[in-house]
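Go ahead and model the full structure; you've got the sequences and the hints to work with.
So you can see what is in the structure, the chains are spelled out below.
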Amino acid sequence: MLQRLREDKALQGLLLIAPTLLWMIVLLIIPLILTLVVSFGRRAPDGGVIFTFTLDNYIRLLGLQPDCLNPFACFDPLYVSILFRSLSLAFNTTVIVILLAYPLAYFIARAPHERRNTFLFLVLVPLWTNFVIRVYAWMMLLRTQGAINGVLGWLAGLLGIPFTPLEMLYTPGAVLVGMVYEFLPFMILPIYTSLEKIDPSLYEAAADLGANALKTFWRVTLPLSLPGVVAGTILVFVPVMGTFVVSDLLGGKQVILVGNLIQRQFLDARDPTFGSAASLVLMVLTLIVTLFYTRKFGFGKEIVV
Amino acid sequence: MKRVNTLFSFLVLFSLLLAACGGGAAGGGEAKEFVTSSGFVCPPPDPKLEVTSKQLNLFVWTEYLPTEWKECFTLVYGVQVNHDEYSSNEEMYAKLSAGGSNYDLVQPTDYIVSLMIKQGLIQKLDKSRLQAVFANMDANYMNLEFDPNNDYTLPYQAGTDALIYNADKVQNPPKRWADLWNPEYAGRMVFLDDSRIVIGMTLITLGYDPNTTDPAQLNEAKEKLKELVPRVKLFDSDSPKTALIAGDVDLGLTWTGEAFIANQEVPSITYVYPEEGAILWQDNWAIVANAPNLDAAYAWLNYTMQPNLFWLMLRDFPYINPNKGALEFAKANHPDLYEPYINSPITNPPQEAIEKGHRIKDVGEALPLYDQIWTEIKGGQ
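Protein sequence lines correspond, in order, to chains S and P.
Take the first sequence: its position 73, counted from the start at 1, is 73 in my numbering, and no numbers get skipped.
To convert a position in the second sequence, counted from 1, into my numbering, add 1000.
Incorrect hints may appear among the rest.
Said to hold, decoys possible - Once the Cα atoms are required to be at most 20 angstroms apart in a straight line, the calculated EDC-like pairs of lysine to aspartate or glutamate come out as:
1) 1169/P to 1265/P
2) 253/S to 1090/P
3) 1124/P to 1238/P
4) 1070/P to 1046/P
5) 253/S to 1265/P
6) 1095/P to 167/S
7) 1361/P to 7/S
Hints are computed from structural coordinates only; laboratory data are not their basis.
Next comes the structure, spelled out in structure tokens:
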């Protein structure tokens, strides 16, 4: 037995992945199948599930009614618009995060060797504190009588300018600030990794061939760092699509995102069938966007994370 | 060598941990008088019941048990008390109806009690084992519609949902639910993030039953709410008082305990029972259908609801207290807690406010309709 294990490479591989495989089957594959089955069911009056096969939940999500013959007359954009709102929030967050993270990653990658680790360490330090606590810290900063308005009011007082506190907390802007803050490190790290891997001799070659700094960046640095941007985008876009803690705390819960919609179905509305359908649609939508994006821009020759 | 050292220190740490645990179990031994770690002297149980269970599993609201109770119960009965928390009735219901839990006691609110009885999730109380508890209860909180003979539940705490405003900032204070639609209040309001309460309040404003299942009435409420929701700055059921005290909002819709604490901190924050009638609610103890530690559950109810322990609720969680005996005990022994409680209209509402009050009930099959309205008014921007 032991002898066989020593020789059989395939068996070794299987043994090595067995714990993870088991974990994935029990906690990912089986729940996913259950979600699929439940999503075709019907809500029982007490909030349980009647197992059957109906597409009603999906039809409702699309804004149609099961027994409505003219789709244009009874179209209700409610759930589609919630999905669209989540998509656009995720898109805006990702774009801003790229614009902020790229220069910073570039700066770190160009810094002297002995300082790079310090900078990377500083990027990671905020992650030591729990995510929700950091969002609460933003609440303290953004409040009408919070730290930012306090400093601004003090400055205005020094200069003798009249000052009315800015309303920042519980606005869409606050949600965007919170999201960008939260996910910035996940963009910086992959971009840094791919920038850092670029062979310095390529820059010398570009210079020898007469490219100026801008052209070198455009023709050499940017294309070679694109895999990092793609990896970072996936690390940011996908979680932002499903998250709702930041928007609840900083946005004041006035707006429902797809994450809230799903959570509400399982708790408040006691409609697990509709909640399951919504989760699957979110998953498929995210998958399509990600696939389209990676096909278009590619991971490069290797996946860089 | 280094590795050996690490291993050794782990072993030492582990054995210390073991010793600490052992010490805990061995302590509390023969002494007649039990004192908690905070110095509270545990009153003797009266009556003392026969308990063979070694554990008791509670499933309770967040921040809703005085810390001394668990410690005293363990000292007196030698039973280990475990507790999990929930922050909405729906969450608790979802967990219990999924099965597989081993909870003994839960704290459902009125409207979910009737549903849990129907679903067989809670069991009938053996009243012969709760005589002392029943004797302490204020009749006003007994035999309510959700459990007509208190066959399943014992009142724990009661409260109201009503209007709140900061008198320093609101010149024109609201008197009725309908006043919330005043355009002056736009962008200055905090509401509870609770679909049943907000939609219920709107139905009351329109003169309908807050538990209606009539789609036409609900549709009317939806249209009316579409005006109001964009003017609400914040929806918060966890701690609506924080935004009021911090000055982010000036008025809104909240419940008893939050209002009482906000008023203690900022006296200009005022609680008003709307003319159309506030929303009344009551949290209760109930025993889970397959409770594994039934004897400990009865002992817990008897012990913690003794007046000389239940008065702690006045200190920690100032809601409306349905335990008459505990109020008398507080009056005689802790007037510093009793006086503010009995003199505040928040914790001691006028009889008129109770009589005009409305209760939220389970709406069964209409529930997805309520959720759809909620999603629509919050999603339609």
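Hints, verified against the model:
1. 1169/P to 1265/P: OK: residue 1169/P and residue 1265/P at ~16 angstroms, within 20 angstroms.
2. 253/S to 1090/P: 18 angstroms, holds
3. 1124/P to 1238/P: Since the Cα atoms of residue 1124/P and residue 1238/P sit roughly 32 angstroms apart, the hinted pair is violated (cutoff 20 angstroms).
4. 1070/P to 1046/P: Holds, at roughly 17 angstroms.
5. 253/S to 1265/P: It is violated: about 25 angstroms lies between the C-alpha atoms, which goes past 20 angstroms.
6. 1095/P to 167/S: The given pair, whose Cα atoms are some 39 angstroms apart, is violated under the 20 angstroms limit.
7. 1361/P to 7/S: 68 angstroms, violated
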